[in-house]
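J.: Sequences are here, hints too, so could you generate the full structure?
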Amino acid sequence: MRLLPAGQKPLALEEIGMLEDMVEKVEAALKKSFGMVVVCGPTGSGKTTTLYSILNMLNKPEVNMVTVEDPIEYHIQYVNQTQINTQAGVTFASALRAFLRQDPNIILVGEIRDEETAEISVHAALTGHTLLSSLHTNDAATAIPRLIDMKVPPFLIAAVLNLIIAQRLVRKICVSCIESFTPSADVLEVLQRTHEEMGGDGKVVPKTLYHGRGCPVCNFTGHRGRMGIFEVLEIDNEVRTAISDPEFSLDALMKMARQKGMITMLEDGVRKAELGMTTMEEVLRVIRE
1 MRLLPAGQKP
11 LALEEIGMLE
21 DMVEKVEAAL
31 KKSFGMVVVC
41 GPTGSGKTTT
51 LYSILNMLNK
61 PEVNMVTVED
71 PIEYHIQYVN
81 QTQINTQAGV
91 TFASALRAFL
101 RQDPNIILVG
111 EIRDEETAEI
121 SVHAALTGHT
131 LLSSLHTNDA
141 ATAIPRLIDM
151 KVPPFLIAAV
161 LNLIIAQRLV
171 RKICVSCIES
181 FTPSADVLEV
191 LQRTHEEMGG
201 DGKVVPKTLY
211 HGRGCPVCNF
221 TGHRGRMGIF
231 EVLEIDNEVR
241 TAISDPEFSL
251 DALMKMARQK
261 GMITMLEDGV
271 RKAELGMTTM
281 EEVLRVIRE
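The numbering used here numbers the first residue of the sequence shown as 1 and each following residue consecutively.
Calculated from the structure, these hints are not laboratory results.
Among the hints, erroneous ones may be present.
With a cut-off of at most 27 Å between alpha-carbon atoms, the simulated DSSO-like pairs for lysine-lysine come out as follows [what the hints assert, rightly or not]: (1) 60 x 31; (2) 255 x 25; (3) 9 x 60.
It should be emphasised that the depicted structure is a prediction, and the values quoted were computed from it without experimental measurement.
T.: In structure tokens:
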């Protein structure tokens, strides 16, 4: 069961933990007149909150915006929101078909779960709409083989995708009791080794870290609140060519994205640990899951 505060308004991307360089990439993708923006992660990783943040960035009275959700988590002014009701025949796919007859500018599909929804979503993005949705994948690049598994042809994926965001949620350090510390050589060695095992560069593990010592404000846990760690994969012409290549390789795509400067979730977590926003232990914990 998920309990949500009544009247909660969508948060800005910065408020959910996205740093400026990634926010700029999202803003650039949203300036395009059509295409798909996909948010990826496991259940409970904050995908819906991020989708609402993006939707709120685009929300204007003159823009026709529609959503199909399961369930509706926040009610947003100027947005026509529809909740899934399978008993009444209202599914993601059937709602999408109905939306396309209303000529919306922006469509939010809570989740692409099956081949039919994937097919209609891609069709919607191809015909001049901006489509926002989510997928259950572990990282940004894996969204592409996931769509291929749903029988979406690679050349269509390449044509419609504008941006993929992957994320996890980490606990924030309590600002009332935060303190810096220098980890011992043994702890530093363990962190570096773990970081390398997870595909990172062990040399970038910060030498000064932060934690919360515990206080009444955080109930002596050292943590208060949560935020996201992200990776943002921009889909440019070179990436589109790689996706539509008959010899498509996920490893080659990841290598290309890294060469183009994509910051992985692990690296985003490390820099937030260095800034005192979260702990290294917390970052490594959620990335392992």
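J.: Run the distance test for residue 9 versus residue 60: straight-line Cα separation, threshold 27 Å.
T.: It holds: about 15 Å lies between the C-alpha atoms, which stays within 27 Å.
J.: Does the structure keep residue 60 and residue 31 at a Cα separation of 27 Å or less?
T.: OK: residue 60 and residue 31 at ~14 Å, within 27 Å.
J.: Does residue 25 lie within 27 Å of residue 255 when you go C-alpha to C-alpha?
T.: holds (19 Å)
Hint violations for this structure: none, all hints satisfied.
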